[in-house]
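Those sequence lines, one after another, are chains S and D.
Following my numbering from start to finish, the first sequence increments by one per residue and tops out at 442.
Following my numbering from start to finish, the second sequence increments by one per residue and tops out at 442.
You may find that some hints are simply not true.
Because identical chains share one entry, a pair is satisfied inside a single copy or across any pair of copies.
Said to hold, decoys possible - Okay, derived cross-link-like pairs now, DSS-like style, lysine-lysine, Cα gap no bigger than 30 Å in a straight line: (1) Lys274 with Lys440; (2) Lys274 with Lys189; (3) Lys95 with Lys222; (4) Lys5 with Lys327; (5) Lys5 with Lys189; (6) Lys427 with Lys222; (7) Lys222 with Lys5.
Note that these hints are calculated values from the structure, not bench results.
2 protein chains.
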Amino acid sequence: MKEKSVRVGLVGFGTVGCGVARLLVENGDILRAKTGIRFELVCVVDLDTETPRPVQLPDGVLTSDLEVLLNDNTIEVAIELVGGTGIAKEIQLKMLRAGKHVVTANKALLAVHGSELYQVAREADRCIAFEASCAGGIPIVSALRTGLLANDITALYGILNGTCNYILSKMSAEGTDFAETLKEAQAKGYAEADPTLDINGGDSSHKLTILGSLAFGYELKLEDVYTEGIEDVSQDDIRYADEMGYCLKLLAIGQKKPNGKVSLRVHPALILKETALARVNGPFNAISLFGHAVGEVLLYGRGAGMMPTASAVVADVIDVALGNSKRSFDQVQVKSRQQIAGQIEAMADCESRFYIRIMAKDHPGVVAAYGKVLGDHGISISGALQHEGRGPDDTVPVVIVTHETQEKNMSDALAEITELDTIGGKPVCIRIVDIPEDKDD
Amino acid sequence: MKEKSVRVGLVGFGTVGCGVARLLVENGDILRAKTGIRFELVCVVDLDTETPRPVQLPDGVLTSDLEVLLNDNTIEVAIELVGGTGIAKEIQLKMLRAGKHVVTANKALLAVHGSELYQVAREADRCIAFEASCAGGIPIVSALRTGLLANDITALYGILNGTCNYILSKMSAEGTDFAETLKEAQAKGYAEADPTLDINGGDSSHKLTILGSLAFGYELKLEDVYTEGIEDVSQDDIRYADEMGYCLKLLAIGQKKPNGKVSLRVHPALILKETALARVNGPFNAISLFGHAVGEVLLYGRGAGMMPTASAVVADVIDVALGNSKRSFDQVQVKSRQQIAGQIEAMADCESRFYIRIMAKDHPGVVAAYGKVLGDHGISISGALQHEGRGPDDTVPVVIVTHETQEKNMSDALAEITELDTIGGKPVCIRIVDIPEDKDD
Chain S
2 MKEKSVRVGL VGFGTVGCGV ARLLVENGDI LRAKTGIRFE LVCVVDLDTE TPRPVQLPDG
62 VLTSDLEVLL NDNTIEVAIE LVGGTGIAKE IQLKMLRAGK HVVTANKALL AVHGSELYQV
122 AREADRCIAF EASCAGGIPI VSALRTGLLA NDITALYGIL NGTCNYILSK MSAEGTDFAE
182 TLKEAQAKGY AEADPTLDIN GGDSSHKLTI LGSLAFGYEL KLEDVYTEGI EDVSQDDIRY
242 ADEMGYCLKL LAIGQKKPNG KVSLRVHPAL ILKETALARV NGPFNAISLF GHAVGEVLLY
302 GRGAGMMPTA SAVVADVIDV ALGNSKRSFD QVQVKSRQQI AGQIEAMADC ESRFYIRIMA
362 KDHPGVVAAY GKVLGDHGIS ISGALQHEGR GPDDTVPVVI VTHETQEKNM SDALAEITEL
422 DTIGGKPVCI RIVDIPEDKD D
Chain D
2 MKEKSVRVGL VGFGTVGCGV ARLLVENGDI LRAKTGIRFE LVCVVDLDTE TPRPVQLPDG
62 VLTSDLEVLL NDNTIEVAIE LVGGTGIAKE IQLKMLRAGK HVVTANKALL AVHGSELYQV
122 AREADRCIAF EASCAGGIPI VSALRTGLLA NDITALYGIL NGTCNYILSK MSAEGTDFAE
182 TLKEAQAKGY AEADPTLDIN GGDSSHKLTI LGSLAFGYEL KLEDVYTEGI EDVSQDDIRY
242 ADEMGYCLKL LAIGQKKPNG KVSLRVHPAL ILKETALARV NGPFNAISLF GHAVGEVLLY
302 GRGAGMMPTA SAVVADVIDV ALGNSKRSFD QVQVKSRQQI AGQIEAMADC ESRFYIRIMA
362 KDHPGVVAAY GKVLGDHGIS ISGALQHEGR GPDDTVPVVI VTHETQEKNM SDALAEITEL
422 DTIGGKPVCI RIVDIPEDKD D
């Protein structure tokens with residue numbers, strides 16, 4: 002091995018940026034012992050150069066001027082941790098055009114402008130590495146890019162947003178309602194002051210766009226992912242589902258269907274409590290992958306946070322320094338938008354089982370009425386739960402679990418049920434996701 | 002990307018060899034679509050060229066003559082799937098000296114002769130890739146080599162042998178005894194006709210030698226790993242431990258201790274039933290890793306079998322073809338035997354909690370007698386279980402769980418307890434392993 006030195010620049014000196022600086026500056030000896038490479042963090046750019054940070058940079062490293070980083074030709078690897086799809090895009094483009102390899106945790110940017118950025122990187126003969134963009138410290142990008150590359154990936158099921166998982170785990174464990182639990186998550190630092198992009202499923206969709214592309218080899222756009230958040234999840238449904246053996250998670254799902262189409266979706270999902278993903282609690286993330294050769298592989302760990310995310314960023318810095326990221330970036334292929342035209346399954350065609358809660362008025366003929374609507378749409382009932390006693394407005398909650406049916410049948414049926422005289426308000430509908438079991442016995 | 006062609010040779014056309022051939026020959030289009038590389042399996046060597054296999058090779062590919070492979074200079078990557086530490090070593094040496102990169106699943110060979118083989122590979126400017134040697138289809142080697150490389154790994158806990166895990170899971174679920182369950186495992190193909198190396202812990206030690214080296218950056222030898230198997234595990238202890246909240250697993254453990262020493266051991270271990278590893282059942286494998294930055298990361302999947310292992314072999318073939326394996330092999334460092342002299346913790350110094358079952362004669366003063374011995378050795382009791390009624394030879398099983406103590410204290414105490422008049426036979430002693438919880442709440 003040859004001892005070499007690699008100079009690194011960083012833009013965005015926030016929480017994760019400080020974690021990265023800590024690993025590169027304070028733990029440089031660990032990296033050097035493992036890789037034979039001396040990493041030097043020579044330039045850190047942030048508009049705020051005043052606020053004290055939990056890491057000490059060498060003098061002269063921190064600057065508010067991006068040009069300093071761009072003009073330093075000794076910097077090989079540039080890390081973008083600004084986030085968002087605005088200025089961050091300009092920064093990455095400038096980094097690439099200045100001849101630097103880019104390492105980023107910016108899932109939103111890659112999900113929205115990934116194709117354009119990858120193209121610019123190719124033109125500049127540079128690469129973009131993004132292990133940290135999905136599931137924080139879990140090495141899922143490298144698993145898809147290397148260890149599992151021999152597989153035709155048939156499905157992935159991910160818990161990719163720690164904020165949502167924290168909220169749903171708490172609601173489930175403690176019987177609290179959504180608004181109250183969100184406040185608690187904010188107080189504990191598991192949800193941001195503006196939690197919109199987490200709880201509306203947007204963040205998970207960004208990650209699924211990136212992982213789906215790697216898993217299925219398709220050039221994907223954010224619009225390919227159907228997205229629903231957890232804002233409307235109620236304690237009642239968590240409790241009823243629990244009684245029926247299910248647990249509620251915000252899942253990111255990618256499936257290759259028998260007809261060759263790929264379904265990509267993020268939505269609250271009921272999964273059987275025995276499923277491994279059902280046991281992923283609090284701010285943790287996990288991804289179950291199914292490969293045609295390997296069967297199921299599950300990866301679990303911290304999907305966010307200062308040091309776990311920094312761990313992934315620095316892993317990429319090393320991989321770029323070794324030249325491996327560039328080779329994988331150049332060589333690992335995805336099918337273009339033209340090649341996959343019509344290959345993304347429309348949500349209306351997606352089949353699943355459903356959990357429905359109807360607030361039925363306590364009259365004769367109610368069951369016959371909604372039963373007929375479901376039957377008319379070819380939907381059959383696999384289980385039901387109706388406790389004695391009244392709910393609000395003198396209605397009775399009736400919970401129904403259906404067999405598989407297409408989304409469009411269910412939405413048509415629900416529209417009709419909503420119109421029934423004997424029903425109070427719009428029914429609640431949550432998809433049930435049956436994660437395959439890779440099992441011998 | 003440039004479309005290129007890579008020619009591959011394979012020695013050992015058994016179960017995994019057939020799986021590899023299937024991926025390279027029958028699924029060549031998947032690999033080509035993902036990597037832009039056309040893999041050609043041009044030579045398969047096996048002494049048995051007659052027995053029909055579940056995969057069809059092109060004419061002229063199968064031969065019993067290793068020289069055909071060695072002399073074909075167009076073959077860049079050679080796969081060794083012969084297994085064992087004898088002829089396989091000669092084959093790998095010849096492959097390397099013939100200028101081929103080596104891909105192997107041979108954990109025994111690498112654990113015993115790894116240092117020598119790596120040295121020969123370096124001299125030949127070639128690499129050895131071994132993702133398939135540990136935990137089958139689980140991409141644990143690539144996780145340690147890439148995605149988690151920025152971490153100082155503080156501990157790893159692995160279920161690395163599917164045969165043992167199948168047997169222990171069955172014994173636990175069905176109340177069967179060891180001998181009977183082993184027979185069933187053999188009938189179902191989860192244990193070999195000669196299961197010695199699986200059930201005596203040898204196979205797990207091989208894997209721990211390899212993973213420990215990657216995780217801690219030490220040049221390890223098989224002798225560095227303390228090893229016990231599951232041959233003496235009894236149904237009684239599984240049942241008593243279950244009552245006390247524990248589950249029995251054969252664990253491979255690597256820990257970096259506060260004094261800087263590394264503990265490496267394979268033995269039956271009781272772990273709390275709520276632990277993630279406790280839920281790994283049947284022939285599955287899993288590894289919990291703890292990194293100073295990333296926290297806990299867990300990987301789960303199939304640790305053996307034709308296609309899962311082939312998935313890992315072919316992932317390495319791709320990685321070698323991309324040039325990435327070679328760079329990692331050249332650059333990723335381990336400390337030499339001289340540098341780590343005295344750094345492997347002796348088993349006698351290892352601290353843990355213990356489960357002890359004593360067969361006490363039903364006399365006054367028994368508790369005082371063994372209690373005194375434990376106390377004299379500074380061992381304090383954290384829990385005990387004694388059901389009413391008699392066991393064999395008119396003895397009563399008394400189960401004790403201790404606080405942490407060093408192995409040597411416990412073995413000294415057990416030797417004395419064995420000598421007590423009031424005790425029937427040698428006590429059973431099983432280590433309790435407290436896997437840290439990476440948890441916020």
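Up to 30 Å CA-CA - lysine 222 versus lysine 95, copy category: Answer is within: at 23 Å inside a copy they meet the 30 Å cutoff, but 49 Å across does not.
I want to check one pair: lysine 274 and lysine 440. Are their C-alpha atoms no more than 30 Å apart within a copy, between two copies, both, or neither? both (16 Å within a copy, 21 Å between copies)
Reference check for the pair lysine 222 and lysine 5, CA-CA at most 30 Å: within, between, both, or neither? between (38 Å within a copy, 29 Å between copies)
Between lysine 427 and lysine 222, at a C-alpha cutoff of 30 Å, which is it: within one copy, between copies, both, or neither? Classified as neither; 32 Å inside a copy, 66 Å across copies.
Regarding lysine 5 and lysine 327, is the shortest C-alpha distance of 30 Å or less found within a copy, between copies, in both, or in neither? both (18 Å within a copy, 17 Å between copies)
Indicate which option fits the pair lysine 274, lysine 189 if close means a Cα-Cα distance not exceeding 30 Å: within, between, both or neither. So lysine 274 and lysine 189 pass the 30 Å test inside a copy (27 Å) and across (28 Å) alike.
When no copy is specified for lysine 5 and lysine 189, does a C-alpha distance of 30 Å or less occur within a copy, between copies, both, or neither? neither (42 Å within a copy, 52 Å between copies)
In this structure, the hints that do not hold are numbers 5, 6, in rising order.
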